[in-house]
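2 protein chains.
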Amino acid sequence: MMIWLLCLEPFMIQLLLESLQWNINGTTSRTPISQIGESPYYDNLYRWITDPTLRVTFRVDPHVKINRGIVLGKNMHESSLEIREPEMDDEVTGEMDAHMAAVLARYRKTLVERTKFHLGYPYNLDFDYGALSQLQHFSINNLGDPFIESNYGVHSRQFEVGVLNWFARLWELEKDEYWGYITNCGTEGNLHGILVGREVLPDGILYASRDSHYSVFKAARMYRMEAVKVDTLISGEIDCTDLQRKLTEGRDKPAILNVNIGTTVKGAVDDLDTILKILKEVGYTEDRFYIHVDGALFGLMMPFVKKAPKVTFKKPIGSVSVSGHKFIGCPMPCGVLITRMKHINALSRNVEYLASRDATIMGSRNGHAPIFLWYTLNRKGYRGFQKEVQHCIRNAHYLNDRLRKVNFGVLLNELSSTVVFERPEDEAFVHKWQLACQGKIAHVIVMPSVTVEKLDLFVEGLIEARKHSFADGNVIVPCIAEEIGPQNCACSLHRYGLLTTPLKNATQIGTHENQLTFK
Amino acid sequence: MMIWLLCLEPFMIQLLLESLQWNINGTTSRTPISQIGESPYYDNLYRWITDPTLRVTFRVDPHVKINRGIVLGKNMHESSLEIREPEMDDEVTGEMDAHMAAVLARYRKTLVERTKFHLGYPYNLDFDYGALSQLQHFSINNLGDPFIESNYGVHSRQFEVGVLNWFARLWELEKDEYWGYITNCGTEGNLHGILVGREVLPDGILYASRDSHYSVFKAARMYRMEAVKVDTLISGEIDCTDLQRKLTEGRDKPAILNVNIGTTVKGAVDDLDTILKILKEVGYTEDRFYIHVDGALFGLMMPFVKKAPKVTFKKPIGSVSVSGHKFIGCPMPCGVLITRMKHINALSRNVEYLASRDATIMGSRNGHAPIFLWYTLNRKGYRGFQKEVQHCIRNAHYLNDRLRKVNFGVLLNELSSTVVFERPEDEAFVHKWQLACQGKIAHVIVMPSVTVEKLDLFVEGLIEARKHSFADGNVIVPCIAEEIGPQNCACSLHRYGLLTTPLKNATQIGTHENQLTFK
Chain H
1 MMIWLLCLEP
11 FMIQLLLESL
21 QWNINGTTSR
31 TPISQIGESP
41 YYDNLYRWIT
51 DPTLRVTFRV
61 DPHVKINRGI
71 VLGKNMHESS
81 LEIREPEMDD
91 EVTGEMDAHM
101 AAVLARYRKT
111 LVERTKFHLG
121 YPYNLDFDYG
131 ALSQLQHFSI
141 NNLGDPFIES
151 NYGVHSRQFE
161 VGVLNWFARL
171 WELEKDEYWG
181 YITNCGTEGN
191 LHGILVGREV
201 LPDGILYASR
211 DSHYSVFKAA
221 RMYRMEAVKV
231 DTLISGEIDC
241 TDLQRKLTEG
251 RDKPAILNVN
261 IGTTVKGAVD
271 DLDTILKILK
281 EVGYTEDRFY
291 IHVDGALFGL
301 MMPFVKKAPK
311 VTFKKPIGSV
321 SVSGHKFIGC
331 PMPCGVLITR
341 MKHINALSRN
351 VEYLASRDAT
361 IMGSRNGHAP
371 IFLWYTLNRK
381 GYRGFQKEVQ
391 HCIRNAHYLN
401 DRLRKVNFGV
411 LLNELSSTVV
421 FERPEDEAFV
431 HKWQLACQGK
441 IAHVIVMPSV
451 TVEKLDLFVE
461 GLIEARKHSF
471 ADGNVIVPCI
481 AEEIGPQNCA
491 CSLHRYGLLT
501 TPLKNATQIG
511 THENQLTFK
Chain W
1 MMIWLLCLEP
11 FMIQLLLESL
21 QWNINGTTSR
31 TPISQIGESP
41 YYDNLYRWIT
51 DPTLRVTFRV
61 DPHVKINRGI
71 VLGKNMHESS
81 LEIREPEMDD
91 EVTGEMDAHM
101 AAVLARYRKT
111 LVERTKFHLG
121 YPYNLDFDYG
131 ALSQLQHFSI
141 NNLGDPFIES
151 NYGVHSRQFE
161 VGVLNWFARL
171 WELEKDEYWG
181 YITNCGTEGN
191 LHGILVGREV
201 LPDGILYASR
211 DSHYSVFKAA
221 RMYRMEAVKV
231 DTLISGEIDC
241 TDLQRKLTEG
251 RDKPAILNVN
261 IGTTVKGAVD
271 DLDTILKILK
281 EVGYTEDRFY
291 IHVDGALFGL
301 MMPFVKKAPK
311 VTFKKPIGSV
321 SVSGHKFIGC
331 PMPCGVLITR
341 MKHINALSRN
351 VEYLASRDAT
361 IMGSRNGHAP
371 IFLWYTLNRK
381 GYRGFQKEVQ
391 HCIRNAHYLN
401 DRLRKVNFGV
411 LLNELSSTVV
421 FERPEDEAFV
431 HKWQLACQGK
441 IAHVIVMPSV
451 TVEKLDLFVE
461 GLIEARKHSF
471 ADGNVIVPCI
481 AEEIGPQNCA
491 CSLHRYGLLT
501 TPLKNATQIG
511 THENQLTFK
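Chain order of the listed sequences is H and W. First residue of the first sequence? That's 1 in the UniProt record's numbering, and the numbers climb one at a time after it. First residue of the second sequence? That's 1 in the UniProt record's numbering, and the numbers climb one at a time after it.
Everything labelled a hint here was simulated from the structure, so no lab data went into it. Errors might be hidden in some of the hints.
Cross-link-like lysine-lysine pairs, in silico, BS3-like; alpha carbons within 27 Å at most [what the hints assert, rightly or not]: (1) W:K310 to W:K342; (2) H:K306 to H:K387; (3) W:K306 to W:K342; (4) W:K109 to H:K380; (5) W:K432 to W:K405; (6) W:K380 to H:K109.
Interface residues of chain W toward chain H, partial, derived using beta-carbon atoms under 7 Å [as the list claims (entries may be wrong)]: (7) S80; (8) R84; (9) E85; (10) P86; (11) R114; (12) T115; (13) Y121; (14) S139; (15) Y152; (16) G162; (17) P333; (18) G363; (19) L457; (20) V459; (21) S469; (22) N474.
Ideal Cβ positions, reconstructed from N, Cα and C, are used throughout, including at glycine.
Only chain H is shown next, with the shape it has when bound in the complex (with noise of 0.2 Å):
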């Protein structure tokens, strides 16, 4: 049986879902709904209905009346603003201006509500550009390569190479030695960072942790190469016992490796010291690997934290790249990849076959981004960083040790400012908050826009949804020890790990005492 849903919000279809019972292969459940949310967190929901080859069936409970619906994976946003065809005398009347004006208002008014109460993802909500609106009227462009000026006038790439030249002193490669250019997001970075590996290495086994940016599998798709998923640790990490045996496995083909700096749901650093060694002695040379390293958030944090191992060029790695809208803040996605001069070039030896002399995946590209950045790499400079991730880590521990304390399971690794909890039962707070959910676990990105003030509210808020998940008041704390390892939950089997019963990996899981110094 096929049913239709008509919903405005995810959280309304949760409800509706929720009162549904799932049939998968036999198996009733009811549980998975939870993952509606960012592209990598709805898997099995979409699976259910569009993958053929699972049989899926739902009951309709009778106390719910749905209207009409929806393919999943389709029209789950129904609300769209329609276009309106403009009436003749609308110039008169002022009707479809004022219908515009009321619409942008609301619009707004939705804007600040939702900004104010965020915490789910990387993004930093907290930047002024004022005094950048007076180029909104412009058509700017950075068509191409930023180091070759297109003829097309209004562009930005003064301001692009400006922000490209900081990033590359960041990690540390010389003007003369590195190529680079401002992406639309982190996936388009991951996209070319990866193209790039294969191009200089074209029958290499792409690696890459399964806590990897969902974009990284994507690349091996989209360029027909092979795939390795590499075992994760509890803390997110990848598991370098894992990866050496499978790279000792495929060591007769070169290796492209995607390596993280901050997963997107545990912000766990892969340890690439450790994993640079593990290819040596599994008998790799240098001009027989490739690594990429996915540094969407974390990788512009990281450089400010004195513990912690460095993202550097100094190191055999061929590309790094950040997102542009987490960290910095930015009203669009945006992100930034450095590479080695000595890559393009092997790129672009090609040339005949690509039929085209551009290094970069997009060919227009928005001229706008790289002033934001521009902007606030000079406003705060390396001091201001530095001072914003110290803020963030702070407050992330401030809200690990909170939650810690009213009970609940947590985890944070030791370089991050995500903290990994229990996904809330209650799903308008879920929504409210806009948390990213996973399985069992959701989790917080402490960002510089977010203060105390508001993880207090948050923490009593979670408080009282736990409360009300359970109608007799008794909260029972669930177990997400295979998430998070049993010491750091808080269910009555393992307390904080007072109560440990061996699991997989538990030993290596990172610690996270409050004992970070910064540089």
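Assemble chain W onto chain H, guided by the hints.
What follows is chain W alone, placed relative to chain H:
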């Protein structure tokens, strides 16, 4: 011998390089320097320097002083605005604020100037989004699928879906039968369309004309697809005879075709109906071909021209993409991609391998772009666009006529507002008007922001520039019959076809009489 140049502007590089003598694989040449410019245009120049398979030598003119320089493909844009670390007392002295304000004010002035003199790229620079500047304070991100709500609340999906519905209607695909999203640029639309084609027909061969946008062949390379380049007529249209031959040769495998609605250089429209006829004749059933329509610029103009063939999903096409920053006009590049729902479902069948469920190429997506598009679509509506298309095509004909009157070779395809003519020798003039050039030709693309007054100014400048290229003032009109056909060439041999020498494909060139009618 390797030379190094230091230059700030491409036309300076041009001037410098013009004074060198090239020696390529033994042949001396001075021509293709003109090909610095947008990515597809600087192929040759770039290759000469970076491609080790070509033996390139330069002989430096003794009158030219060369200071130091660059490896081409790098550092040609040397004027970068470096990031300055703020001083401790900046907040007191206001030094940094003053510096930034000065840089931005200077930059704004350049933008005004460069926007004023612009004819070479298909960007409508005439827009006023003042009403939307209030939204620049928000980090608006439509991450993932536009139809699946994310937990991240600061998005603009309601605007995006509104815009997509408008385009689906324009191209006649039912709401529940289409899927699409707002891309970062035309390239992303092509990358997506061709990826969908490859996923639907994994061993399909990609066929595209050699006048296709460079992103089409870039896609083939990225996706490791077999690609076949098809010849073009002088008009820039795909040569259907050659296509038929190549489709016949490749008929053991399915076909993925890129069809151009307005090529980059000549604005030519491939004949979709004939292509469909050929596919049938050669024996491709509908399940054995996939057509992606690249409508970058003209895909949005053509629906408003009465005589134009129709782009519609009632024909067996798989996807259509257009750019949003071109005809519509937008501060940053963006585009629209519409495909059939069933194809996206096919794409998502391999979820397990993909390890993700997102169907877009980028992950985080600019949430401002949909609002800009939504705003303009509402304000102008079908009728507004129709008026603007009329304006563009009329003005293109005006320019065409004026140029012919003053003895310039000129090509204007019937359905286009792209006027192709001889490449001016005067590089300062090319730079001033930001003309995109290829080989011996340049073009002006008449957009809504281009007025008759601007065109008059341009033609007067062009006449002056041509005169200055001849020391004695005796103008010799160059022959560009190979590029635009003898009937369009003004050289002493052809004189607009009056003295025709038979040329390949000469009879197949589009006419350019002023006979267009409008809906």
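Here is how each hint holds up against the structure:
1. W:K310 to W:K342: holds, 22 Å
2. H:K306 to H:K387: Holds - the C-alpha atoms of H:K387 and H:K306 are around 13 Å apart, at most 27 Å.
3. W:K306 to W:K342: violated, 31 Å
4. W:K109 to H:K380: Holds - the C-alpha atoms of H:K380 and W:K109 are around 26 Å apart, at most 27 Å.
5. W:K432 to W:K405: Between W:K432 and W:K405 the Cα gap is close to 23 Å, so the pair holds against 27 Å.
6. W:K380 to H:K109: holds, 26 Å
7. S80: At about 4 Å, which falls below the 7 Å cut-off, the nearest Cβ of chain H leaves the hint on W:S80 intact, so it holds.
8. R84: holds, 6 Å
9. E85: holds, 4 Å
10. P86: With a closest approach of 5 Å, the W:P86 hint holds.
11. R114: holds, 4 Å
12. T115: holds, 6 Å
13. Y121: holds, 5 Å
14. S139: holds, 5 Å
15. Y152: Holds, because the Cβ-Cβ distance from W:Y152 to chain H comes to roughly 5 Å (cut-off 7 Å).
16. G162: holds, 4 Å
17. P333: Status holds, d = 4 Å.
18. G363: holds, 4 Å
19. L457: With Cβ-Cβ at 16 Å, over 7 Å, it is violated.
20. V459: This interface hint is violated because 19 Å lies over the 7 Å limit.
21. S469: violated, 18 Å
22. N474: violated, 29 Å
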